[in-house]
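From first to last, the protein sequence lines are chains A and B. Take 1 as the starting number for the first sequence in our numbering and just add one per residue. Take 1 as the starting number for the second sequence in our numbering and just add one per residue.
Just to be clear, a hint being listed does not mean it is correct.
Unchecked claim - Here are the simulated BS3-like pairs of lysine-lysine, each with C-alpha atoms no more than 30 angstroms apart in a straight line: (1) K176(A) / K11(B); (2) K33(A) / K70(A); (3) K74(A) / K38(A); (4) K38(A) / K11(B); (5) K11(B) / K336(A); (6) K74(A) / K11(B); (7) K140(B) / K117(A); (8) K29(A) / K117(A); (9) K70(A) / K11(B).
Derived from the structure by calculation, the hints contain no laboratory data.
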Amino acid sequence: MGIHEITLEHADERDLTQLGEYEAIGGYKPLRKARGMKPEKIVEELMNANLRGRGGAGFPMGRKASFLAKGTGKPTYLCVNADESEPGTFKDREIMVKNPHRLIEGCLITAHGIESKSVFIYLRGEYLDVFEVLQAALEEVREAGILEDVTVVVHRGAGAYICGEESALLESLEGKRGQPRSRPPFPAVSGLYGSPTLINNVQTIATVPPIVQHGAEWYASIGPETSPGTVVFSLSGNIVNPGNYELELGTPLRQLIYDIGGGIPDGRELKGIIPGGSSTTIMTPDLLDTPLDYNSVAEVGSQFGSAALIVVDDRACMVQMALRSTQFYMHESCGKCTPCREGTRWMVEILRALEEGRADQAQLDLLVNVADRILGRCLCALGDFAAGPVLEYVRAYRDEFQRHIDEGGCPFGGESSLEGVFAPVEQHHYHPTAEVPS
Amino acid sequence: MTFYDDVQAIKAQYPEERSAVLPALRLAQEQHDGWLPPEALREVAEALDLTPAEVQAVASFYDMLHLEPVGRHLVEVCTNLPCALVGAQQVLEAFERELAAPPGETSEDGEFTLRAIECAGGCGTAVVVSVDGRYIEPVKPGDVPAIVAGVRNGNS
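Modelling step: build the complete structure from the supplied sequences, incorporating the hints.
Here it is as structure tokens:
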């Protein structure tokens, strides 16, 4: 348990952005080994390692790769999901900035495993520093002849959370609005340009080289059997030592918050922990002994998500938390499915009414009702990401919501840490339509 | 190289040329004072054999593509939960005072556009501020006057 660096190994001691430094710690050795292996053997290793996708859904990478359609006569594509945008999540940025060659090596090994010659890294547009590091690293491997006949293109997004959803990512990469596709067909059968496509998160791909080097058995023996390995946990919010920490799965939440994170600053009390980005449901302090792995977090009713822990102290009003979180999902809803497009707006309106003391009991019931009507009713998970957390804020902090009604406004009286926080959605005043003549 | 030629080079990276829309829009925006006026959309459309309407439909989807004029410098403050919990609103208000422009607006001299943005992916070093696409982190309200002065000086 505790700190165990695999994807960030040596990243703090050496400048691994330089090819020579990366090779000095054994870099690109796994690639040479992999290229001497049969492709199907690599997929088998990933399957046996039980490497679960680190982007949030936790789907086993080896199985996903095994679903790829064969003999279609079309090229197979590998897309790396580097559109890290889930609030609270900043692990992929650190992996790419500090260890870009590890990602590139993972891409090349995976491409060999799925017999692909074409890799796209879909990088969120805001990550300009990462783009520059990746481009420089790619230039180095291109000059060194390491790419062989594989092309790797870093494709920058342009500011849309939804493009981290795999089918929206493909739409965006094809030059369209980033709106999710209905499935089936799944990307493994019909993905980028209608061809078989494997899509995996940065950290997942960056974990492939050590698995190939040391074997599936080694990886599967780290951490709990159901979710082995390590994850880079992103720690933020009201915590003494925020930052990224690569830990074995199964490390208790308490150890991360108090031993590694240094606890809550300024002598404040812990009020809640969002365990895996703002789309996961908040956990109350009584759950501090939960081991941090996919299954254990699910057992206590939350989600492991992207291992991005947002720590909240007792100064935060939970209605304001729910409001600010929902404003984000309202802003980022692509507008394709009605329950998400309209439902997120309804939730924001009701939460704002609660915060401003304009809501009555019926509106609190309506909030829960609207959230229930979003859950599971959309093409992608964004609606669920908005609604699930709202339901849990209401359930876990019901008294606080009730006080907003009973006391005709926020019981924090302007002293909440989130008081008045401005959400970007307010500033969108571009109206592309022509004026209707009277 | 003309814009048209640049876009042809971008197209060559992709199996299907429409994939070049986002890079082409980013390039067009850089060449049009940080935003996409109708003629920029037309240039992208022409270079990629699309209609201006198709290009605008794409551009209007993405937050980093601006369909209205912006100031010479773009100051963006993350106000999502991790930053908000440690004082993003106070940082935003400090910029609002320093630039005399509310979020979403451009200062009177046309130098700065101030925006609040969603999670920038720097939650461990909150509050994150982006100036012309470069992150400054962490930022406290007291750092704001020096940041603004630095940008102004780099300017002159």
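*Check each numbered hint against the structure and report the violated ones by number, ascending.*
Numbers 4 and 7, in rising order.
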